[in-house]
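A.B. asks: For the record, the sequence lines run as chains A and B. Each residue of the first sequence is one higher than the one before, starting from 289 at the first, in our numbering. Each residue of the second sequence is one higher than the one before, starting from 58 at the first, in our numbering.
In case anyone wonders, no lab produced these hints; they're calculated from the structure. Quick reminder that beta carbons are idealized off the backbone N, C-alpha and C, glycines included. It is possible that some hints are incorrect.
[Said to hold, decoys possible] Dumping the calculated SDA-like pairs for lysine to any residue here, alpha-carbon to alpha-carbon at most 20 Å:
(1) Lys279(B) - Leu632(A)
(2) Lys128(B) - Thr404(A)
(3) Lys688(A) - Ile295(A)
(4) Lys292(A) - Leu681(A)
(5) Lys279(B) - Asp636(A)
(6) Lys456(A) - Pro364(A)
(7) Lys268(B) - Met629(A)
(8) Lys195(B) - His400(A)
(9) Lys174(B) - Leu315(A)
(10) Lys128(B) - Asn396(A)
(11) Lys128(B) - Tyr395(A)
(12) Lys128(B) - Lys443(A)
(13) Lys128(B) - Met397(A)
(14) Lys268(B) - Thr479(A)
(15) Lys128(B) - Ile412(A)
(16) Lys174(B) - Gln314(A)
(17) Lys174(B) - Gly318(A)
(18) Lys128(B) - Glu111(B)
(19) Lys277(B) - Leu634(A)
(20) Lys59(B) - Asp244(B)
(21) Lys456(A) - Leu430(A)
(22) Lys443(A) - Pro460(A)
(23) Lys688(A) - Ala291(A)
(24) Lys128(B) - Lys268(B)
(25) Lys279(B) - Lys443(A)
(26) Lys68(B) - Pro631(A)
(27) Lys174(B) - Glu317(A)
(28) Lys128(B) - Gly633(A)
(29) Lys279(B) - Gly633(A)
(30) Lys128(B) - Trp486(A)
(31) Lys174(B) - Leu398(A)
(32) Lys128(B) - Gln314(A)
(33) Lys128(B) - Leu398(A)
(34) Lys235(B) - Gly223(B)
[Stated by the list, open to error] FRET-style restraints, in silico, Cβ to Cβ:
(35) Glu224(B) - Pro391(A): 36 to 44 Å
(36) Phe665(A) - Phe259(B): 43 to 51 Å
(37) Trp552(A) - Gln180(B): 24 to 32 Å
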Amino acid sequence: MSAKMKISLWLSGILFLVAMAAWLYQLREGLVLTNLQNSYSWGLYISGLAFFVGNAAGGLVLSSSIYLFGAKKLKPLAKLGALTAFANVTAAMLIVLPDIGQPVRLYNMLLHPNFTSPLVWDVIVLNLYAVASAVYLYILMLPDLTGPLSRFAVKVQNPAEFSEKWAKRIAPVALLFAIGIHVVTAWIFSTQGARDWWHSPAMAPDFVAVAIGVGTAVVLLAGAIAYGTGEKFQEAYRTLALIIFVTTGIHLFLMMNDLVIHAWYGNAETHRIMEIAWGDFAWAHIFEVVAPLTGAWLLLQDGVRRSLPRLAGSAGLLIAGVFVHRFLIMPAAYNNLPMTMVPLGLPDSHWSLPVASGRFFPGMGTFVEHYAYAPSFIEVVILLGIMAYAVFLVLLAIAKLPILAREAS
Amino acid sequence: MKMGMVIDLEKCIGCRSCMVACKQHNAQPPGTWWNRVFTPGSHHHLTPPARGVEFFLPVHCQHCENAPCEKVCPVGATYHAPDGAVLIDFERCIGCRYCMAACPYGVRQFNWESPEKAHQRAQYQENYHYGYPADHRKEGRLVYTPLRPKGVVEKCTFCAQYRDKGEPPACVQGCPGKARIVGDLDDPNSEVRRLIRERNAFQLLPEKGTKPTVYYLPPKPKEI
Numbered sequence: 289m290s291a292k293m294k295i296s297l298w299l300s301g302i303l304f305l306v307a308m309a310a311w312l313y314q315l316r317e318g319l320v321l322t323n324l325q326n327s328y329s330w331g332l333y334i335s336g337l338a339f340f341v342g343n344a345a346g347g348l349v350l351s352s353s354i355y356l357f358g359a360k361k362l363k364p365l366a367k368l369g370a371l372t373a374f375a376n377v378t379a380a381m382l383i384v385l386p387d388i389g390q391p392v393r394l395y396n397m398l399l400h401p402n403f404t405s406p407l408v409w410d411v412i413v414l415n416l417y418a419v420a421s422a423v424y425l426y427i428l429m430l431p432d433l434t435g436p437l438s439r440f441a442v443k444v445q446n447p448a449e450f451s452e453k454w455a456k457r458i459a460p461v462a463l464l465f466a467i468g469i470h471v472v473t474a475w476i477f478s479t480q481g482a483r484d485w486w487h488s489p490a491m492a493p494d495f496v497a498v499a500i501g502v503g504t505a506v507v508l509l510a511g512a513i514a515y516g517t518g519e520k521f522q523e524a525y526r527t528l529a530l531i532i533f534v535t536t537g538i539h540l541f542l543m544m545n546d547l548v549i550h551a552w553y554g555n556a557e558t559h560r561i562m563e564i565a566w567g568d569f570a571w572a573h574i575f576e577v578v579a580p581l582t583g584a585w586l587l588l589q590d591g592v593r594r595s596l597p598r599l600a601g602s603a604g605l606l607i608a609g610v611f612v613h614r615f616l617i618m619p620a621a622y623n624n625l626p627m628t629m630v631p632l633g634l635p636d637s638h639w640s641l642p643v644a645s646g647r648f649f650p651g652m653g654t655f656v657e658h659y660a661y662a663p664s665f666i667e668v669v670i671l672l673g674i675m676a677y678a679v680f681l682v683l684l685a686i687a688k689l690p691i692l693a694r695e696a697s
Numbered sequence: 058m059k060m061g062m063v064i065d066l067e068k069c070i071g072c073r074s075c076m077v078a079c080k081q082h083n084a085q086p087p088g089t090w091w092n093r094v095f096t097p098g099s100h101h102h103l104t105p106p107a108r109g110v111e112f113f114l115p116v117h118c119q120h121c122e123n124a125p126c127e128k129v130c131p132v133g134a135t136y137h138a139p140d141g142a143v144l145i146d147f148e149r150c151i152g153c154r155y156c157m158a159a160c161p162y163g164v165r166q167f168n169w170e171s172p173e174k175a176h177q178r179a180q181y182q183e184n185y186h187y188g189y190p191a192d193h194r195k196e197g198r199l200v201y202t203p204l205r206p207k208g209v210v211e212k213c214t215f216c217a218q219y220r221d222k223g224e225p226p227a228c229v230q231g232c233p234g235k236a237r238i239v240g241d242l243d244d245p246n247s248e249v250r251r252l253i254r255e256r257n258a259f260q261l262l263p264e265k266g267t268k269p270t271v272y273y274l275p276p277k278p279k280e281i
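Let's have the full structure, built from the sequences with the hints guiding it.
C.D. replies: See below:
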């Protein structure tokens with residue numbers, strides 16, 4: 289193990305442990321340690337769920353490109369794809385835990401699942417995808433499970449042939465679950481008629497598009513760090529960059545399409561949404577558009593893909609833009625109170641009913657109409673810790689398991 | 058039997074007695090209000106938004122027939138009691154707050170910390186206990202407890218603990234204007250059904266399709 293690898297493992301491992309400690313502290317005190325309150329009841333953690341779910345799409349892109357569309361040159365990246373998918377989908381499940389007020393009672397999801405709840409669907413499909421990614425990764429690694437690792441290998445006549453055959457069989461199933469996690473995660477929000485910002489049929493296809501873009505960027509980034517930016521991988525990287533650019537374009541189209549429709553009709557609710565999306569959060573909104581577009585465009589350039597710092601910077605820019613996009617799921621939903629009315633006798637006025645905050649903030653009234661949410665320190669620490677968990681898992685697997693193609697290393 | 062409530066906005070004087078009765082009887086922690094009364098169109102309660110336009114709007118759980126909060130609850134902690142009231146099982150709720158995203162009326166409230174700590178933070182007098190003192194179970198499910206576990210969601214129960222004894226909810230008992238009437242919506246001859254029919258009752262956010270069982274009777278324009 290290289291010194292760099294050791295340091296990275298230690299750093300990410302410690303950050304993850306710090307986050308776990310922060311979570312235990314939050315468990316003791318309650319979610320009062322977050323900056324959430326009743327009128328704005330989901331924040332950074334649930335944005336984190338959407339973010340990690342999106343990042344997990346890399347496995348899907350690789351497996352389907354290789355086994356459904358025959359892009360053989362991507363093969364050395366297949367295991368990295370499945371690995372980043374597993375790391376991110378488990379991170380997605382982990383980041384939900386600190387958002388839960390009574391996580392000890394989660395067994396009720398098994399004892400009394402309510403199948404009309406999209407959250408139940410999401411838990412099912414996230415678990416299926418995690419299992420499928422792990423099995424797929426195992427099948428791909430099988431021919432390389434030799435030496436001390438051979439005790440983990442199932443005994444088959446010809447491991448290489450077995451691996452090839454089963455990878456091909458699992459790929460379409462994994463593809464189904466992979467599309468499923470994005471669609472169902474989008475449905476958590478878009479089924480909610482109470483929140484005009486979410487209640488859009490464009491959300492599920494948009495989640496798929498943005499996920500394929502950012503998930504592929506995660507694999508490209510991991511691949512470039514693991515294998516370098518030598519000539520040998522340029523063709524594979526170019527294919528990935530193309531996928532990233534096209535899906536980022538589709539994502540921006542779907543998003544803008546939604547905004548135009550919201551803005552055009554111009555009733556009071558959508559007017560309020562526009563005020564929040566373009567007013568309070570104008571800079572964040574500009575960033576969520578410009579950063580992924582710039583990142584994806586830069587990755588299309590040959591020169592960028594041949595330099596690790598430039599490739600990492602561009603992929604990082606895209607991922608950061610998508611992160612801000614995920615953060616912006618909440619403000620226009622929660623700061624646009626659904627309980628509004630045109631008071632009798634005042635046809636020109638549009639009035640929203642303030643919500644009891646449930647929190648004691650000095651300087652803030654009990655009833656709120658608008659709340660400037662910014663995550664608390666503990667929310668940020670826990671989110672960073674879960675990101676560190678994903679990094680730690682990927683690095684540890686690369687160090688201990690035959691993830692990287694032998695001929696390349 | 059389908060429990061329903063009619064609120065006569067002509068009789069409501071905006072005194073907020075129902076808010077206080079509700080808060081006290083149901084032992085709501087500081088910052089939590091199951092029942093809110095506001096002056097529509099105005100940022101200040103009891104301050105008319107325009108001359109002659111003055112009415113008040115009490116809002117609490119609308120006990121919807123098509124309740125999005127019930128449909129999104131992953132563990133079935135929010136459920137419809139046989140009489141039509143929407144209740145929360147405090148022993149089953151996992152605190153995911155999906156119902157708070159789903160409810161268009163903003164009536165669902167979370168226990169961000171334990172009630173004892175919240176009392177301290179808000180500097181309530183020590184050893185001051187308020188509210189119905191005993192746990193209340195319906196079909197074995199804990200639908201009321203004076204000290205809520207931290208990390209669960211709560212809201213108006215139509216005062217399950219009183220109704221099961223045959224008494225009306227605290228807001229109905231506490232209203233000095235007798236603006237609130239409860240009754241059986243399934244019975245076409247009940248007082249609530251009659252008032253709904255004869256007084257052009259309306260519901261809140263009917264366009265959301267939630268089918269509330271709380272109805273409002275419009276006020277007459279004020280004489281000035």
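A.B. asks: State for each hint whether it applies.
C.D. replies: Evaluated hints:
Restraint check: the Cα-Cα separation between Lys279(B) and Leu632(A) comes to about 12 Å, which is no more than 20 Å; the hinted pair holds. With a CA separation close to 5 Å, the supplied pair Lys128(B) and Thr404(A) stays within the 20 Å bound. Between Lys688(A) and Ile295(A), the direct Cα distance comes to roughly 15 Å. Compliance with the 20 Å bound is thereby established for this hinted pair. For the hint pairing Lys292(A) with Leu681(A), the CA-to-CA distance comes to about 16 Å; that is within 20 Å, so the pair holds.
Only pairs whose Cα atoms come within 20 Å are accepted, and Lys279(B) paired with Asp636(A) is accepted, the gap being roughly 19 Å. Between the alpha carbons of Lys456(A) and Pro364(A) the distance comes to roughly 15 Å, so the proposed pair stays at or under 20 Å and holds. Restraint check for Lys268(B) and Met629(A): satisfied, since their Cα atoms lie roughly 17 Å apart, inside the 20 Å limit. Proximity of Lys195(B) to His400(A) is assessed by CA-CA distance (about 18 Å); at most 20 Å being required, the pair is judged to hold.
Only pairs whose Cα atoms come within 20 Å are accepted, and Lys174(B) paired with Leu315(A) is accepted, the gap being roughly 14 Å. For the hint linking Lys128(B) to Asn396(A), the alpha-carbon distance of about 16 Å falls within 20 Å, and the restraint holds. At most 20 Å may separate the alpha-carbon atoms for a hinted pair to count; Lys128(B) and Tyr395(A) meet this at roughly 19 Å. Our distance criterion of 20 Å between C-alpha atoms is broken by Lys128(B) and Lys443(A), whose separation comes to about 47 Å.
In summary, the hint linking Lys128(B) to Met397(A) is supported, as the alpha carbons are separated by about 14 Å, within the 20 Å threshold. Between Lys268(B) and Thr479(A), the direct Cα distance comes to roughly 17 Å. Compliance with the 20 Å bound is thereby established for this hinted pair. Among the hinted pairs, Lys128(B) with Ile412(A) is consistent with the structure: their alpha-carbon atoms are about 17 Å apart, no more than 20 Å. Of the supplied pair hints, the one linking Lys174(B) and Gln314(A) holds, its CA atoms being roughly 14 Å apart against a limit of 20 Å.
Only pairs whose Cα atoms come within 20 Å are accepted, and Lys174(B) paired with Gly318(A) is accepted, the gap being roughly 10 Å. At roughly 36 Å between alpha-carbon atoms, Lys128(B) and Glu111(B) are farther apart than 20 Å, so this suggested pair is violated. At roughly 14 Å between alpha-carbon atoms, Lys277(B) and Leu634(A) fall within 20 Å of each other, so this suggested pair holds. Between Lys59(B) and Asp244(B) the CA atoms are separated by roughly 8 Å; this keeps the pair inside 20 Å, and the hint holds.
Restraint check: the Cα-Cα separation between Lys456(A) and Leu430(A) comes to about 14 Å, which is no more than 20 Å; the hinted pair holds. With a C-alpha separation of about 25 Å, the suggested pair Lys443(A) and Pro460(A) falls outside the 20 Å cut-off, and the hint is violated. Restraint check for Lys688(A) and Ala291(A): the C-alpha separation of about 15 Å stays at or below 20 Å, so the hint holds. A hinted pair counts as satisfied when its Cα atoms are at most 20 Å apart, and Lys128(B) with Lys268(B) qualifies at roughly 14 Å.
For the hint linking Lys279(B) to Lys443(A), the alpha-carbon distance of about 87 Å lies beyond 20 Å, and the restraint is violated. Straight-line distance between C-alpha atoms of Lys68(B) and Pro631(A) comes to about 17 Å, which keeps the hinted pair within the 20 Å bound. Note on Lys174(B) and Glu317(A): the hinted pairing holds, with a Cα-Cα distance of about 9 Å set against a maximum of 20 Å. At roughly 35 Å between alpha-carbon atoms, Lys128(B) and Gly633(A) are farther apart than 20 Å, so this suggested pair is violated.
Between Lys279(B) and Gly633(A) the CA atoms are separated by roughly 10 Å; this keeps the pair inside 20 Å, and the hint holds. For the suggested pair Lys128(B) and Trp486(A), the alpha carbons sit about 17 Å apart, so the restraint of at most 20 Å is met. Distance restraint check for Lys174(B) and Leu398(A): the Cα-Cα separation of roughly 32 Å exceeds the 20 Å cut-off, and the hinted pair is therefore not satisfied. With a CA separation close to 28 Å, the supplied pair Lys128(B) and Gln314(A) exceeds the 20 Å bound.
The suggested pairing of Lys128(B) with Leu398(A) holds, with an alpha-carbon distance near 17 Å, which does not exceed 20 Å. At most 20 Å may separate the alpha-carbon atoms for a hinted pair to count; Lys235(B) and Gly223(B) meet this at roughly 18 Å. The hint said 36 to 44 Å for the Cβ distance between Glu224(B) and Pro391(A), and at roughly 37 Å that hint holds. Here the CB-CB span from Phe665(A) to Phe259(B) is close to 46 Å, well matched to the stated 43 to 51 Å.
Range check, Trp552(A) to Gln180(B): Cβ separation about 50 Å, and the 24 to 32 Å hint is violated.
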